[in-house]
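Chains as they are written, first to last, in UniProt numbering: chain A, 1 to 234; chain B, 1 to 234.
Accuracy of the hints is not assured; some may be wrong.
Now the in silico label distances, taken between C-beta atoms and shown as ranges [claimed, not checked]:
#1 B/ARG47 to A/ARG169: 20 to 26 Å
#2 A/HIS61 to B/SER8: 26 to 32 Å
#3 A/PRO179 to B/LEU45: 33 to 39 Å
#4 A/GLU152 to B/ASN14: 41 to 47 Å
#5 A/ALA75 to B/HIS61: 19 to 25 Å
#6 B/ASP57 to A/ARG69: 25 to 31 Å
#7 A/ASP112 to B/ASN14: 48 to 54 Å
Because the hints were derived from the structure by calculation, they are not lab data.
Every value quoted in this text rests on a predicted model; they were computed, and no experiment measured them.
Where a beta carbon is used, it is the ideal one built from N, C-alpha and C, also for glycine.
2 protein chains.
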Amino acid sequence: MTEHIVSSFDDDLNALSDKLAEMGGLCEKLVGESVEALIKRDIPLARRVIEWDRSIDRLQHEIEESSIRTIARRAPVAIDLREVIAALRIANDLERIGDLAKNIAKRVVALDGQFQPPKLAGGVAHIADLTLAQLKEVLDAYTRRDETRAVEVWNKDGEIDALYNSLFRELLTYMMEDPRNIGFCAHLLFCAKNIERIGDHATNIAETVYYVVNGAALTDDRPKADLMSAELGD
Amino acid sequence: MTEHIVSSFDDDLNALSDKLAEMGGLCEKLVGESVEALIKRDIPLARRVIEWDRSIDRLQHEIEESSIRTIARRAPVAIDLREVIAALRIANDLERIGDLAKNIAKRVVALDGQFQPPKLAGGVAHIADLTLAQLKEVLDAYTRRDETRAVEVWNKDGEIDALYNSLFRELLTYMMEDPRNIGFCAHLLFCAKNIERIGDHATNIAETVYYVVNGAALTDDRPKADLMSAELGD
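All chains, please: the whole structure from these sequences, using the hints.
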C-alpha cells in the first residue's frame, strides 16, 4: 500500500470503501472459481484460488490498519463512527469468506485422482449459485447503503440453510449406497458446509449494512429454521 | 455493563483485560463442557453450553465497543495501540471459539437417540484434550505477555492438525465398516473439525501475543504439515 496523506475524514472513508470494494470483488471471484474448480476438477484453477487468498488477507490487514488510524486521528462519532466500524466488520467477514473459498480449493487439490462420480458434486453447485448471488447482492446493498436489500439477503439465509440440510442428507445417502463414495462425499460435506458458512457471512454483512443505515442492530433471531439448525449443528 | 468513567488509558486497558479474562475463562469452560456433553451424551449440558454462548457474544460486543472508544478518546500509539488492537483481535478469536463449542453442543442435541457406539467418540476426546490445553496455555501466555509460551503454543498446532487428520481417516474407516455408523460419524467429523478450528484460533491468539510483545508479526508460515493440510482442506 502506498502511504498517502488524507486531507479529511471523507477521504479516509473513500479510501476504505475502495479497498472494501476491491476485497468484495475478489471474494466473489474466489468463491465462484473455487466451486468451478470443484465441479470441473480443475486443479490449476484451485491452486490459483489458494494463491489469490493471500491478497484478501493483505487487504483485510490494510483495512484494519486504516480504520484504526482513522478512528485515532478523527475520533468520529455517530454515523461516521458506524461507517468505520462497518468497514472493519465487513473486511473481517470477507476475509473469512476468502478463507472458506480457499479451503474448498484445497480440498479440490486433495481430491485429485479420487473416485468421484460427477453427479455427487451437482448439489454443491446449486447451493453455491444461491450463496454467490446472496454475496453479490449484499455487497451491492453495502455500496448503495440500501437497507431494504440488505434485509432481503438476511431473510433469504434460511434458504441456503435448508438447501444445505437437504444436501447433507443426500450426501449421507450416497455414502450408504456405496462405501467407495465415502471419502469423496466426506470432502463434499465439508465443501457444502463451507458454502453454507459463506452464506452466514453474507448475512453478517447484511446486518452490518442495516447497522450503518439505522444505527441499531437487526433482531438477534437469525432467519434459520430452528429445527434444522438444531439438527445439523451450526 | 455498568457505564463507568475511566480516568486514564491504563484504566481503559485494565477494564479490557478483565473482560478478556472473563471471556477466556468462559470459552475454556464451554469447550470442555461441549466435548463432555458429546462423550457422555449429556443433552442438558449441551443445552447449557448453547445458552452460555450468548454471554460470550455479549462480551465480544462490549470489548469491541470499549476498544474503539479507547482508540477514539486516547489516540494511543506504539505499544498502547498494539494492546488495544490485540484485545479486539483476541475477543474476535474467543467469540469464534465460543461459536465452535456451541456448534458441537448443537450436534449433541441433534444426535440424541442416534446409534452411537461409545468407542467412536474416543478419538474426539483425545484431540479435545490437547486443544483445551493449548487454549489454556495461550490465554495464560496472554495474561503474562509471555512471548516464549505463545510461540510454544504456535509450534504445537501441527500436533492438533496431525491428530485431526488421523481422526478423519479413522472416522471414514468406521463409516466404511458399517453403514449404520455413517450418520453419527458424519456429525463426529464436523465436531472434530470444529475442535481443530478451535486449535487454529488458539494459534491466532498466540500470534497476537507475539505481536503485542514484539510489535512484529510471527512468520506467515503456520506450523502445519503441508501435505496433510493440502490433503484435508483447511
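Outcome of the hint check:
no.: 1; hint: B/ARG47 to A/ARG169: 20 to 26 Å; verdict: holds, 24 Å
no.: 2; hint: A/HIS61 to B/SER8: 26 to 32 Å; verdict: holds, 29 Å
no.: 3; hint: A/PRO179 to B/LEU45: 33 to 39 Å; verdict: holds, 34 Å
no.: 4; hint: A/GLU152 to B/ASN14: 41 to 47 Å; verdict: holds, 44 Å
no.: 5; hint: A/ALA75 to B/HIS61: 19 to 25 Å; verdict: holds, 21 Å
no.: 6; hint: B/ASP57 to A/ARG69: 25 to 31 Å; verdict: holds, 28 Å
no.: 7; hint: A/ASP112 to B/ASN14: 48 to 54 Å; verdict: holds, 53 Å
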